[in-house]
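S.K.: Make the full structure from the sequences, and use the hints.
Spelled out, the chains give:
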Amino acid sequence: MNDERIVTDRMRYTKNTASSRLALLAILFNVLFFVSIYKSDVGTYYYTILIGASIIYNLVFMLAAFLASEGVKNYKRSFSWVLIVLGVLQLVRIFILPVKMHSTVMGDPIEQSVQILSMHVNVTMDNLVMGDWQFIRVCVYLIASALCLFRAAHVNLKKSSALAAHLANLETMQA
Amino acid sequence: MAELSLQHLDKIYDNNVQAVYDFNMDVKDGELIVLVGPSGCGKSTTLRMVAGLEDISRGHLLLDGRDITQKPAKDRDMAMVFQNYALYGHMTVYENMAFSLTLRKEDKNVIHKKVLAAAEILDLTSQLNKKPAQLSGGQRQRVAMGRSIVRNPKVFLFDEPLSNLDAKLRGATRREILLLHRRLGATMLYVTHDQTEALTLADRIVCMSMGHVQQIGTPIELYDKPNNQFVAGFIGLPPMNFLDVRVEKGMLRGAGYDVDLTEEEKHTLAAYEGKDIVLGVRPEDIDDGGTLPVEVHSNENLGMNTLIHGSLAGRITITAKLRGWKDYRNGDAVKVRFNRKHFFDRETTNAIREGGQ
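Going down the list, the sequences are from chains A and B.
Each residue of the first sequence is one higher than the one before, starting from 1 at the first, in this note's numbering.
Each residue of the second sequence is one higher than the one before, starting from 176 at the first, in this note's numbering.
Hints in this document: simulated from the structure, not taken from any laboratory.
One thing to keep in mind: the hints can contain errors.
Unchecked claim - Calculated lysine to aspartate or glutamate pairs in the EDC-like style (CA-CA distance at most 16 Å, straight line): (1) Lys283/B - Asp3/A; (2) Lys510/B - Asp462/B; (3) Lys288/B - Glu4/A; (4) Lys288/B - Glu70/A; (5) Lys441/B - Asp451/B; (6) Lys158/A - Asp9/A; (7) Lys516/B - Asp462/B; (8) Lys441/B - Asp369/B; (9) Lys15/A - Glu270/B; (10) Lys516/B - Glu470/B; (11) Lys424/B - Glu448/B; (12) Lys288/B - Asp9/A; (13) Lys306/B - Asp369/B; (14) Lys501/B - Asp462/B; (15) Lys283/B - Asp132/A; (16) Lys289/B - Glu70/A; (17) Lys283/B - Glu70/A; (18) Lys289/B - Glu171/A; (19) Lys343/B - Asp369/B; (20) Lys450/B - Glu423/B; (21) Lys496/B - Glu470/B; (22) Lys246/B - Glu270/B.
M.R.: This is the structure in structure tokens:
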């Protein structure tokens, strides 16, 4: 057996820890994201329903990412697609709250909420709800989380395909 | 190549209790040595001293001529299989077997090859993805052995590995260990209190009692020519019968019975004329159809043999293993003869051999 075949054959008895750990790392980045976004005055200027929705989404995301991490650990191909969808949603999230917060000035909370709801993003005033530094940070966290998910999915797709082919080959040989 | 030399090993604990006295033995390469004896005789302590799990109080331990007395367990290149398997419950069979090599940071592909090879030897290939809890006792013990095999150690140490298994599984696993030994040709030290295991597995047996080595020899030597009464009584099942007799005029006189001696036996006991000795007779060396009267107390049919417990001359309890199926009843009188006899000095309990020694 050459080295490449041994690497594939090893997968019969070992877990896909690389994908699993990457998915868990994505959860960690998501935690850093929501810890950062709910910080300081931001909460004050959120529209209440958005805060609630954001919290619920975070919980759902973490649960789904965790389940997917367990799935890819066992080379389940379908969980790669779950990870890809979650990764895309992480990128989309940048354009929902962070971008809006970054372009909203502090003032009357109701007025700000109206601005957020009306997708009014062209406000350029000095006192932004989310400063530049905070905006960059939360974007980095979401992008990092998405990249981890994509990489986890990619590694799992590659490995599970190789394993499936190897198992089919073994079955043929046994037959 | 792994030759082990145990030179004058003593084990004295901090509370001054001595568990092993002057243990001396040379183990040849590829030899399977079984340490046998009752509980507390020091056999496991000796094994643990060899493994490096117990300090050696006095003496030297040499592996291939190198003194390893002071070396820590991890540097001795020995693998130990424990009675309780010591497997990691959260790991699969594969991970359990690969664990020691992973700790050594060996190449993963090399580990894989070694684990598969060991699994093949132990017929565990189909179990590699299972956790220990999903395996039977015998399979778990094989995993424990596999964990040792992958390390390719110089010496394998087994500490009562079959004690947790039921009788049927014990027999099967015993045969597997024997095959494993033949296949690997490795030096093995095996501790057990079961004399059947000792007789069936060993190249040589070390029989121990109270921390002292009683006899070292091949299974047939220990069975046929026991050094003393302890070895004679410990090796063999059912155990040997011991009868107090006096050597008189070329005969053995017991309480209410006489036993004739052959010319060879007379010669052996020449120096004991008029003295009390102990006569040892194995149950399987007793036949019916002789002159010695035995009153049957119980009759156990074993198929090929019949085990009879009774009293010789109405006084001395005796066990006989008679050939064939017998249907004696309680109180029946049977005449038996002793086909083969062992003689022991009553004071020293040592065997009396040719020349009266």
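S.K.: Straight-line Cα separation of lysine 15/A and glutamate 270/B no greater than 16 Å?
M.R.: 10 Å, holds
S.K.: Given the hinted pair lysine 246/B and glutamate 270/B, is their Cα-Cα distance within 16 Å?
M.R.: 28 Å, violated
S.K.: Holds or violated: lysine 441/B and aspartate 369/B, Cα atoms, limit 16 Å.
M.R.: 35 Å, violated
S.K.: Check the hint pairing lysine 424/B with glutamate 448/B against an upper bound of 16 Å on the C-alpha distance.
M.R.: Status holds; Cα separation ~7 Å.
S.K.: Could you grab the alpha-carbon distance between lysine 288/B and glutamate 70/A and see if it respects the 16 Å cut-off?
M.R.: 27 Å, violated
S.K.: Would you check the hint for lysine 289/B and glutamate 171/A, treating anything up to 16 Å between C-alpha atoms as holding?
M.R.: 22 Å, violated
S.K.: Does glutamate 70/A lie within 16 Å of lysine 289/B when you go C-alpha to C-alpha?
M.R.: 28 Å, violated
S.K.: Holds or violated: lysine 283/B with aspartate 132/A, Cα cutoff 16 Å?
M.R.: 47 Å, violated
S.K.: When you check the alpha-carbon spacing of lysine 288/B and glutamate 4/A, does it fall within 16 Å?
M.R.: 13 Å, holds
S.K.: Hinted pair, alpha-carbon criterion (16 Å max): lysine 283/B, glutamate 70/A. Please report holds or violated.
M.R.: 23 Å, violated
S.K.: Has the given pair, lysine 450/B with glutamate 423/B, been kept, meaning a C-alpha gap of at most 16 Å?
M.R.: 8 Å, holds
S.K.: Going straight from one Cα to the other, do lysine 283/B and aspartate 3/A come out at no more than 16 Å?
M.R.: Distance ~10 Å between lysine 283/B and aspartate 3/A Cα, so the pair holds.
The structure fails to meet hints 4, 8, 10, 13, 15, 16, 17, 18 and 22 from the earlier list, while all remaining hints are met.
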